[in-house]
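S.K.: The residues making up each chain are set out below.
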Amino acid sequence: MADYANPDVLVTTDWVEEHIDDPDIVIVESDEDILLYEIGHIRNSVKFDWQTELQDQLVRDYVSRESFEALLSEKGISNDHAVVFYGDRSNWWACYAFWTFKILGHEKCLIMDGGRQKWVDEGRELVKEVPQRPRTDYKVSAVDESIRAFRDDVLEHMNSHKPLVDVRSPKEYSGELLHMEAYPQEGALRGGHIPGAVNVPWATAANEDGTFRSADELVEIYEKGQGLTKDRDVIAYCRIGERSSHTWFVLTYLLGFENVRNYDGSWTEWGNLVRAPIEK
Amino acid sequence: MARIQEIVREFEGADQQEMINLLIDYSEDLPEIPQRLAGHVDRDLHRVHECETPVFIWVEVADGRVSIFADVPEPFPTVKGLVSILISAVDGLTPGEIESAPADFISRLGLAQRLGIRRVRGLSAVYARIKSEVRKHGAVT
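Chains as they are written, first to last, in the working numbering: chain G, 1 to 280; chain L, 1 to 141.
A couple of the hints might just be wrong.
[Unchecked claim] Residues from chain L shown here face chain G by an in silico Cβ test under 8 Å; the list is partial:
1) Q16
2) L22
3) L23
4) I24
5) P75
6) P77
7) T78
8) G81
9) R118
[Said to hold, decoys possible] Have a look at the derived ranges for each label pair, beta carbon to beta carbon:
10) E97/L - N272/G: 56 to 64 Å
11) N207/G - E28/L: 26 to 34 Å
12) V59/G - Q35/L: 46 to 54 Å
13) N207/G - A103/L: 44 to 52 Å
14) G123/G - R47/L: 24 to 32 Å
15) E279/G - G13/L: 45 to 53 Å
16) L126/G - A2/L: 35 to 43 Å
17) S132/L - E129/G: 42 to 50 Å
18) P23/G - H40/L: 49 to 57 Å
19) S107/L - V59/G: 16 to 24 Å
20) S132/L - A276/G: 33 to 41 Å
21) A103/L - T12/G: 46 to 54 Å
[Stated by the list, open to error] From the derived model, a few chain G residues whose C-beta atoms are all more than 12 Å from chain L:
22) V9
23) Q57
24) E122
25) E145
26) N159
27) L189
28) E258
29) G265
In short, the hints are calculated from the structure, not lab data.
Quick reminder that beta carbons are idealized off the backbone N, C-alpha and C, glycines included.
So that you can see chain G by itself, here it is in the shape it has in the complex:
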């Protein structure tokens, strides 16, 4: 059985439990639900909120380099720390935080396979106590936007007939729904998908318990099933870029694709953009 291309980037719940007091790691919880951390979290973990901390509050963008430095310094994360992300909804927001940290150049990032739900289902300890971490002086060494696609990149990519992966539900892809099922508040004026994009819903890459599928299964889905190859540039998108950061993680780290970009503007940008080509 094949192994993941970068198996070291995934850690198990067992591993996390053993490393809770490891001074070289910081465990980070990143959730859609803003109360879950307060209700109970893995001991010694710190909270990052994707919406109010990792995104700029004025411009639609992630935070600036300076704000990221201030945020990580305040939370007691140094450049040398290995950061282990976990969260709700099969690690959507953990993957989104991982992606954001990577853009801002954080070197050692890991994902706890299965996320919060697996930890809870296994009956492991949750605490309410917030760790008091000493301040650090975090410095962003380089911003890496090679893993992010903007609308003009997507247009060029599409015109060159390079692979695009739409990770939304089949009904969103077909244009039958203008929003994710049960998420009507994040709609777009037009429905459908970017011409040429294949549809592989994000959850295809996840098991029932929120863990990632095996390397063999992932090869079957993305390479054999969709004809995607490791050497070709791929752009993944969804509605706001959170589900596609899950797929971006799978293609980049688990399958070892060389150049995958996440289009965080996604359908809420493309489906509202005047004259953007759409296929149904």
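Given the coordinates of chain G, assemble chain L onto it according to the supplied hints.
M.R.: Frame of chain G, contents of chain L only:
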């Protein structure tokens, strides 16, 4: 209506952490739905489809007072807290009072600014649903 004012005052000026703490209290205070509604055959009719999370609302009017019950499954404490605020604001009022309850009640709480707009948009739909259910009962004159 005094209760609505009280809630607005409670949230006014709260920073993010205070708001989170308030929401946790509210989520814990949301009463369980009565047994007779738990296995309701028409459960899906009571779902508020505009909410990203499954939220079920029952509105009853008896002796001129409105009773509201809500069911929000785990693990969605934020949604549970938000729904609980609404119920706490309008449960027990008369149909007429609910009809004239301020339309901007939710925006006055400042939740979108503190918690991020994506998390609170569905709440207006729950508020609208409560108002329309009360109207449907035909008790508003």
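S.K.: Now tell me if each hint is right for this structure.
M.R.: Hints versus structure:
1. Q16: holds (7 Å)
2. L22: Nearest chain G Cβ about 11 Å off; hint violated.
3. L23: With a minimum Cβ separation of about 6 Å from chain G (threshold 8 Å), the hint on L23/L holds.
4. I24: holds (6 Å)
5. P75: Since the shortest Cβ distance to chain G is 7 Å, the answer is holds.
6. P77: Holds, because the Cβ-Cβ distance from P77/L to chain G comes to roughly 4 Å (cut-off 8 Å).
7. T78: Since the shortest Cβ distance to chain G is 5 Å, the answer is holds.
8. G81: This hint holds: G81/L lies near chain G, its Cβ roughly 7 Å from the closest one there, short of 8 Å.
9. R118: holds (6 Å)
10. E97/L - N272/G: 56 to 64 Å: Check failed, 39 Å falls outside 56 to 64 Å.
11. N207/G - E28/L: 26 to 34 Å: At 32 Å between Cβs, range holds.
12. V59/G - Q35/L: 46 to 54 Å: holds (50 Å)
13. N207/G - A103/L: 44 to 52 Å: The hint (44 to 52 Å, Cβ to Cβ) holds, given that N207/G and A103/L are roughly 45 Å apart.
14. G123/G - R47/L: 24 to 32 Å: At roughly 31 Å between Cβ atoms, R47/L and G123/G fall inside 24 to 32 Å, so the hint holds.
15. E279/G - G13/L: 45 to 53 Å: The hinted range 45 to 53 Å holds for E279/G and G13/L, with Cβ atoms some 49 Å apart.
16. L126/G - A2/L: 35 to 43 Å: Given about 38 Å between the Cβ atoms, the range holds.
17. S132/L - E129/G: 42 to 50 Å: holds (44 Å)
18. P23/G - H40/L: 49 to 57 Å: holds (53 Å)
19. S107/L - V59/G: 16 to 24 Å: holds (22 Å)
20. S132/L - A276/G: 33 to 41 Å: holds (36 Å)
21. A103/L - T12/G: 46 to 54 Å: Given a distance of about 50 Å, which is inside 46 to 54 Å, the answer is holds.
22. V9: Holds: least Cβ distance 26 Å, greater than 12 Å.
23. Q57: Per Cβ check, Q57/G is inside 12 Å of chain L; nearest 9 Å; violated.
24. E122: The claim holds: E122/G sits with its nearest Cβ about 15 Å from chain L, beyond 12 Å.
25. E145: Answer for E145/G: holds, closest chain L Cβ roughly 24 Å.
26. N159: holds (32 Å)
27. L189: holds (17 Å)
28. E258: holds (33 Å)
29. G265: holds (15 Å)
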